[in-house]
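Student: Line by line, the protein sequences are chains A and B.
Going letter by letter, the first sequence gives residues 1 to 71 in the numbering used here.
Going letter by letter, the second sequence gives residues 1001 to 1221 in the numbering used here.
Keep in mind the hints are simulated off the structure, nothing from the lab.
Please note: incorrect hints may appear among the correct ones.
[As the list claims (entries may be wrong)] In silico lysine-lysine, DSSO-like type, Cα no more than 27 angstroms apart, as pairs:
hint, chain 1, residue 1, chain 2, residue 2
1, A, Lys4, B, Lys1036
2, A, Lys32, B, Lys1147
3, A, Lys4, A, Lys32
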Amino acid sequence: MTIKSIHGCIGCGECVQSCPCDVIRLDPSSGKAVIAYPEDCQICHLCRLYCPVDAIEMSPEKTLPVITPWG
Amino acid sequence: MKPTRTRLAFAAALLFIGLPLLLFARAPVPSRTLLKDSLSILTILAVALLLGQFFLARTIPAVQRAFKPPRVQALHRWIGYGAITVLLLHPFLIVLPRYFEPGVRPLDALVTMLTSFDTLGVLLGLACWLLLLLLALTSHLRMRLIKRFRISYRAWRGFHALLAAGFTGLALWHAIELGRHTGWLLGGFFALLAIAGIALLARLYLPERHRPAPQAEGLHI
Ligand code: SF4
Ligand code: SF4
Chain A
1 MTIKSIHGCI
11 GCGECVQSCP
21 CDVIRLDPSS
31 GKAVIAYPED
41 CQICHLCRLY
51 CPVDAIEMSP
61 EKTLPVITPW
71 G
Chain B
1001 MKPTRTRLAF
1011 AAALLFIGLP
1021 LLLFARAPVP
1031 SRTLLKDSLS
1041 ILTILAVALL
1051 LGQFFLARTI
1061 PAVQRAFKPP
1071 RVQALHRWIG
1081 YGAITVLLLH
1091 PFLIVLPRYF
1101 EPGVRPLDAL
1111 VTMLTSFDTL
1121 GVLLGLACWL
1131 LLLLLALTSH
1141 LRMRLIKRFR
1151 ISYRAWRGFH
1161 ALLAAGFTGL
1171 ALWHAIELGR
1181 HTGWLLGGFF
1191 ALLAIAGIAL
1201 LARLYLPERH
1211 RPAPQAEGLH
1221 I
C-alpha cells in the first residue's frame, strides 16, 4: 500500500477531491478519510500535498520523486 | 525523607519533559521531517508543562516549602505564558512547513482547517483556542479585573482554576481526537496528569469544612 497511514484527519475532503484515481473516500460514520481502493493508487502524491494538516504519510519505499514546475 | 529542591526539580523534569519525550519517541507513527517533528515536540512539551501548572498552584505544600511561594508563582507565570504562546500558535505551526513544500499554500491550508466545522476535533480545537486566549488575557489583566469587578483575589484564583480545568478537559479531548502522537500511551499519560492536577485543585478550593484537618505537627499547646 502506498499510503502508509492517515493520522489526525479533520475530514475536510481535500484528498478525495485531489485524487485523480478515486482511491480515497470519507468514511460516512467517522467522517474521516479512508483508503477505499488501494490498488488504484498511482503514487502521484496529490492527496498528501493537498492535505491541510499533513495527515497522509506515504511509504518511502514506494515513493516516486515529486515533479514540480521549478525543478 | 524531606524532598530537597534538587530531587523535586529532577522529578518535575522527568515527569513533564523526560516522559513526554519518551512517549513521543515510542508513538507508533512514522517520523517526519526535522521541522515537523520539532514542531510536534514543541507542542507536546507545551501541553505537558501546562499540565504541570496544576502542581505549581499551591497544591503541593512540599513544593511551596522547598522553593518559597514567590519563586513558585514566578515559575508558574513564566511557564504559563510560554506554553500558552506555543499553543496559541499551534494552528499556524501546523501549516508552517507548507511554506517549504509544494502543494497546498499555508494560508489555504489554514482556512480549510479552521472551517472544517463538521469535525468534532476541529470544533474542540477552536473552543480550546478561545478558552486559552481568555485564560491568558484574564491572567495578564488580573489586577485590573479584580479592581473593576470588586472581587477577592481568592475568587479570581477560583475562576482561573475553573478556566484552566475546563481548558484542560477540552484540550485533552481535542488531542485524543486529532493528535498524531496522542494515542493510548501519551494520551493516557496526559489524562492521568490532568486528573491528578484537577483533583489537587479541587481539594484546594473545596469549602473549609470539607478539607482535611490541619496536621498537628509543630503545634505545641
Ligand atoms: S497518491 Fe495520488 S493516486 Fe494515490 S491516493 Fe494519493 S492522490 Fe490518489
Ligand atoms: S485532506 Fe487530510 S484532513 Fe482532509 S480528509 Fe484528506 S486526510 Fe483528512
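Student: None of the hints should be skipped; say for each whether it holds.
Tutor: How the hints compare with the structure:
For the proposed pair A/Lys4 and B/Lys1036, the alpha carbon gap of about 17 angstroms is at most 27 angstroms, so the pair holds. Using a Cα cut-off of 27 angstroms, the hinted pair A/Lys32 and B/Lys1147 is violated, with the two alpha carbons roughly 48 angstroms apart. A distance of roughly 16 angstroms separates the Cα atoms of A/Lys4 and A/Lys32; the hinted pair therefore holds under the 27 angstroms criterion.
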